[in-house]
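Novice: Residues per chain are reported as follows:
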Amino acid sequence: MNSSKKQGSLHLTEESTRSLYDKEIFVQNINQLITESELLKSLLKTFEEGEVLLEEGMPNKTLYVVLEGEVSQHKEGEDITADIGLLGPGEFCGLLSFQTGEPIFITIKAQSQVKTLAFDHNNFDLFYTKYPEISRTLNGLIFSNLAERYRNMLGLHLEVAKLTRELEKEKNQLRKTIKELERTRNAYISQEKMATLGELTAGLAHEINNPASALLRSVDYLSQNLSQLVESSAKFPSTTEIRYFFDAGLSREYADSIEQRGRMKSLAGVFSHLQRSKIRMVAEMNDDLIERLMPYSGKKSQQELLNLLIDAYQSGLFLNGIRLSTSRIEFLVKSLKSYSRQSGKSPEMTDIRNGIRETLQILGHRLKSVKVHLNLEEIPLINCFVGELNQVWTNLIINACDAMNDSGNLYISCGVNSANDLVWVKIADDGPGVPDKIKKKIFQPSFTTKTAGGDFGLGIGLAITQGVIEKHQGTISITDRDGGGAEFLMIFPIDE
Amino acid sequence: MSDIYIICVEDEPQVLDVVIRDLEQLEEFFPIEGAASANDARQLINEIKEDGNRIGLILCDHIMPGDKGVDLLVEMQKDEFTQSTRKILLTGQAGLDDTIQAVNKARLNQYVSKPWKKEELLKIVIDELTDFVIETEDDLLPYLSVLNQEKLQEAIRSKGYI
Numbered sequence: 001m002n003s004s005k006k007q008g009s010l011h012l013t014e015e016s017t018r019s020l021y022d023k024e025i026f027v028q029n030i031n032q033l034i035t036e037s038e039l040l041k042s043l044l045k046t047f048e049e050g051e052v053l054l055e056e057g058m059p060n061k062t063l064y065v066v067l068e069g070e071v072s073q074h075k076e077g078e079d080i081t082a083d084i085g086l087l088g089p090g091e092f093c094g095l096l097s098f099q100t101g102e103p104i105f106i107t108i109k110a111q112s113q114v115k116t117l118a119f120d121h122n123n124f125d126l127f128y129t130k131y132p133e134i135s136r137t138l139n140g141l142i143f144s145n146l147a148e149r150y151r152n153m154l155g156l157h158l159e160v161a162k163l164t165r166e167l168e169k170e171k172n173q174l175r176k177t178i179k180e181l182e183r184t185r186n187a188y189i190s191q192e193k194m195a196t197l198g199e200l201t202a203g204l205a206h207e208i209n210n211p212a213s214a215l216l217r218s219v220d221y222l223s224q225n226l227s228q229l230v231e232s233s234a235k236f237p238s239t240t241e242i243r244y245f246f247d248a249g250l251s252r253e254y255a256d257s258i259e260q261r262g263r264m265k266s267l268a269g270v271f272s273h274l275q276r277s278k279i280r281m282v283a284e285m286n287d288d289l290i291e292r293l294m295p296y297s298g299k300k301s302q303q304e305l306l307n308l309l310i311d312a313y314q315s316g317l318f319l320n321g322i323r324l325s326t327s328r329i330e331f332l333v334k335s336l337k338s339y340s341r342q343s344g345k346s347p348e349m350t351d352i353r354n355g356i357r358e359t360l361q362i363l364g365h366r367l368k369s370v371k372v373h374l375n376l377e378e379i380p381l382i383n384c385f386v387g388e389l390n391q392v393w394t395n396l397i398i399n400a401c402d403a404m405n406d407s408g409n410l411y412i413s414c415g416v417n418s419a420n421d422l423v424w425v426k427i428a429d430d431g432p433g434v435p436d437k438i439k440k441k442i443f444q445p446s447f448t449t450k451t452a453g454g455d456f457g458l459g460i461g462l463a464i465t466q467g468v469i470e471k472h473q474g475t476i477s478i479t480d481r482d483g484g485g486a487e488f489l490m491i492f493p494i495d496e
Numbered sequence: 001m002s003d004i005y006i007i008c009v010e011d012e013p014q015v016l017d018v019v020i021r022d023l024e025q026l027e028e029f030f031p032i033e034g035a036a037s038a039n040d041a042r043q044l045i046n047e048i049k050e051d052g053n054r055i056g057l058i059l060c061d062h063i064m065p066g067d068k069g070v071d072l073l074v075e076m077q078k079d080e081f082t083q084s085t086r087k088i089l090l091t092g093q094a095g096l097d098d099t100i101q102a103v104n105k106a107r108l109n110q111y112v113s114k115p116w117k118k119e120e121l122l123k124i125v126i127d128e129l130t131d132f133v134i135e136t137e138d139d140l141l142p143y144l145s146v147l148n149q150e151k152l153q154e155a156i157r158s159k160g161y162i
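In order, the protein sequences belong to chains G and H.
Going by UniProt numbering, the letters in the first sequence line up with residues 1 to 496, in that order.
Going by UniProt numbering, the letters in the second sequence line up with residues 1 to 162, in that order.
Accuracy of the hints is not assured; some may be wrong.
Here are the simulated lysine-lysine pairs, DSSO-like style, with alpha carbons at most 27 Å apart [said to hold, decoys possible]:
| id | chain 1 | residue 1 | chain 2 | residue 2 |
| --- | --- | --- | --- | --- |
| 1 | H | 49 | G | 265 |
| 2 | G | 115 | G | 45 |
| 3 | H | 123 | G | 368 |
| 4 | G | 441 | G | 471 |
| 5 | G | 368 | H | 117 |
| 6 | G | 45 | G | 130 |
| 7 | H | 123 | H | 151 |
| 8 | G | 371 | G | 337 |
| 9 | G | 426 | G | 193 |
| 10 | G | 368 | H | 151 |
| 11 | G | 368 | G | 426 |
| 12 | H | 123 | H | 159 |
Listed below are several chain G residues computed to face chain H (Cβ distance under 10 Å; list not exhaustive) [what the hints assert, rightly or not]:
| id | residue |
| --- | --- |
| 13 | 209 |
| 14 | 257 |
| 15 | 317 |
| 16 | 321 |
| 17 | 322 |
| 18 | 328 |
| 19 | 432 |
Away from chain G, derived, C-beta distances all over 10 Å, residues of chain H [unchecked claim]:
| id | residue |
| --- | --- |
| 20 | 43 |
| 21 | 47 |
| 22 | 49 |
| 23 | 78 |
| 24 | 81 |
| 25 | 83 |
| 26 | 84 |
| 27 | 107 |
| 28 | 120 |
| 29 | 145 |
| 30 | 146 |
| 31 | 150 |
| 32 | 158 |
Rather than coming from a laboratory, the hints here were simulated on the basis of the structure.
Just so you know, even glycine gets a beta-carbon here, dropped at the ideal spot from N, CA and C.
Chain G on its own, in the form it takes in the complex (with noise of 0.2 Å):
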C-alpha cells in the first residue's frame, strides 16, 4: 500500500486540507525529510519481527511512528488476550501513554521488521520547531487518529449492542435446544425403562405360566382321579391304604428321570399287564410303596385295586404339584409388588439386600443356567429410593447375564467398610469381562455393546444406572473381576 502513491502528493500543499489527514502522503513527506534531516535519521529505530516496541502497564517515554512494516497489538484482559488488529505505515503507536503519562495501555509488537521514528518528548519538541509544516500534518494525523479512536469506540459500542442482542438470540435458542435434549432425554430414559420393563414381563410371564400350568392341568386331573377313587374306594376293604398312597404322593420327592427309567423297565416284568403310564407312576415310588403294591401284581382280578391304590398316589402327587405351583406364584407376586413398590418423593431407610433378593426372584427366567453366589453380610440400613435401587440391580444382573449368554457364575456381594460410614454392592460375573478400553465409556448413554435392533434396551442402562447412584450420593466403578469376567463396585453413604 506504500506504493500506490496519490497524483500529485508529493509535495507538502496547504491548500489540500485532505492531505493532513493522509497516512501515506505523511509517511512518503517524513521519508523526504529524512533524507535532510540528520535529527530524523538519528530518531530512525527499526525493530525486527516480534521485538515489543510498548509493553503494556509499563510507563512510555516514547512515541513511535510506523514507516514501514506492520506492528501488532494486544490487550491484556482478565483471563483472555484479545487481538486489537495491525497498524500501518503513517499510525502512531503510545499515542496515549506519550502524551498523558499514563502507563502503556496496549502492548505493541513487531509483526514483521518494522521501520519506525521514535520521538521522546525533547525531540518530539524539537520537530515541532524545526519542521512546522510537517508537524501541522503531523498534528492532522495525531487529531485523525484520535477521531478514527473515538469512531471505533463509538463503532465497538454498536457491535457489542449487535453482539448482545444476538447472544440473547442464541442464548434463547440454546435454552430451547437444552429443553429439547431434556426432552429426549426423558424419552429415552422411559424407553429403557419401558424396555426393562418389557424384559422382566416377559421373563414373569415364564416364571408364572410354568406353575400355572401345572396348576390348571392338575386341578383337571385331580377332579378328575377324585371322583374315580371316591367310587371305586368302596371296594376296597381298608381306605388307610388308599389314605398312605395318597400321602405318599402327597410328600413325593421328584426322582431323577434317568433313574426312573431304568426302574419302569425292571417293574414292567412285574406288573406285566398294568398299563404303561401306571408303570410309570410306579416307578416314582419308593421300595416301602411298592412292596405294599406287590401283593396286587400278579393278579388280574386285583388290578383295580391296584389301579386306585396308584390314582390315590398320583391324586396326592396332583396336589402336592398344585400346592409347590401356588406358593411359587404366590411367592413371585410378592416379590414384584416389593420390587415395583413406587418409592415416594423422600427416600426410606431400607435394608437395600432385601432389593437384591427380590430383583433375583424376579429376574428368575434369565438365572436358570446361572449360578449366583449370594454373599450379602449384615449391612446398616440406607436411606434411599427402593424402586430405582432395584432399577440398579436388574440393569446389572441383566448386563451380566447377557455378557455371559445367560451360562456361568454370578457373584453378588455387600458389606460396610472399616469406619462404618460406607456400605458397598459388588455385581461380578465371570463373562468375558470388559476391555480397558471400553470400561472409560461404558456408562456414557449412547454406549453399548449390545447390537442395534437385537435385544430390549438402548445403551442407556448404565447411564441410567450411574444416574440413579449418583442421586444416593453413591459411585459406581468397574473393574475386572480376579479370575477373569467385569466387577461392578457400588458405595453408599450411611446417613446418621
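For chain G, the structure is supplied; the task is to place chain H on it using the hints.
Specialist: Then chain H, alone, in the frame of chain G:
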C-alpha cells in the same frame, strides 16, 4: 416292529407331570418318556436308538438350565436318527430370535405357548404323529384308532392299500 416314542423335555417336574398326563391316552401306541434337561434328553435319545426304537415326536420346553430347548431341536434336526422326528416347542417364553432359529434351523413343526389346553395340545400332537407315521410307516391301519383318521384314510387311499 420297533416302537415310536414321544419325548417330553421340561425342567419343572410339576409341568412335566401334567404334560405326560395330557398325552397318556397315546401311550398304548407311543411310549412316552420324560427328560428334565437337554442333556437328559440326549441320553434318552441314545437309549431309544440303541434299543432299536424310533422317536416320533418331541415336545420341548425352551428355557431350561444347561442347553436351551431350541439348541436341542437344532441338534436333532442335524442328526439323521432324529431328523424326521416331529418337533414341538412348548414354552412360556422364547425370544423372537430363538423362535426364528427353531423354525429355520430345527424345522420346528409347532409352537405351543404355556399355559396350554389339553385338547389343543393333544390335537397338535396327534396331527404331528399322524404326519410322522404317514411319512415313515408302510402299514397305517393300526393307527386309525388313535391318530387322525381322516388324514390316515386319505394317505392309505393314495398309497393304494385300499
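Novice: Does each hint hold? Answer for all of them.
Specialist: Status of the hints after comparison with the structure:
no.	hint	verdict
1	H/49 to G/265	holds, 16 Å
2	G/115 to G/45	holds, 6 Å
3	H/123 to G/368	violated, 31 Å
4	G/441 to G/471	holds, 20 Å
5	G/368 to H/117	holds, 26 Å
6	G/45 to G/130	holds, 20 Å
7	H/123 to H/151	holds, 13 Å
8	G/371 to G/337	holds, 25 Å
9	G/426 to G/193	holds, 23 Å
10	G/368 to H/151	violated, 41 Å
11	G/368 to G/426	holds, 21 Å
12	H/123 to H/159	holds, 24 Å
13	209	holds, 3 Å
14	257	holds, 5 Å
15	317	holds, 7 Å
16	321	holds, 4 Å
17	322	holds, 8 Å
18	328	holds, 9 Å
19	432	violated, 20 Å
20	43	violated, 6 Å
21	47	violated, 7 Å
22	49	holds, 14 Å
23	78	holds, 21 Å
24	81	holds, 18 Å
25	83	holds, 24 Å
26	84	holds, 23 Å
27	107	holds, 24 Å
28	120	holds, 12 Å
29	145	holds, 16 Å
30	146	holds, 14 Å
31	150	holds, 27 Å
32	158	holds, 32 Å
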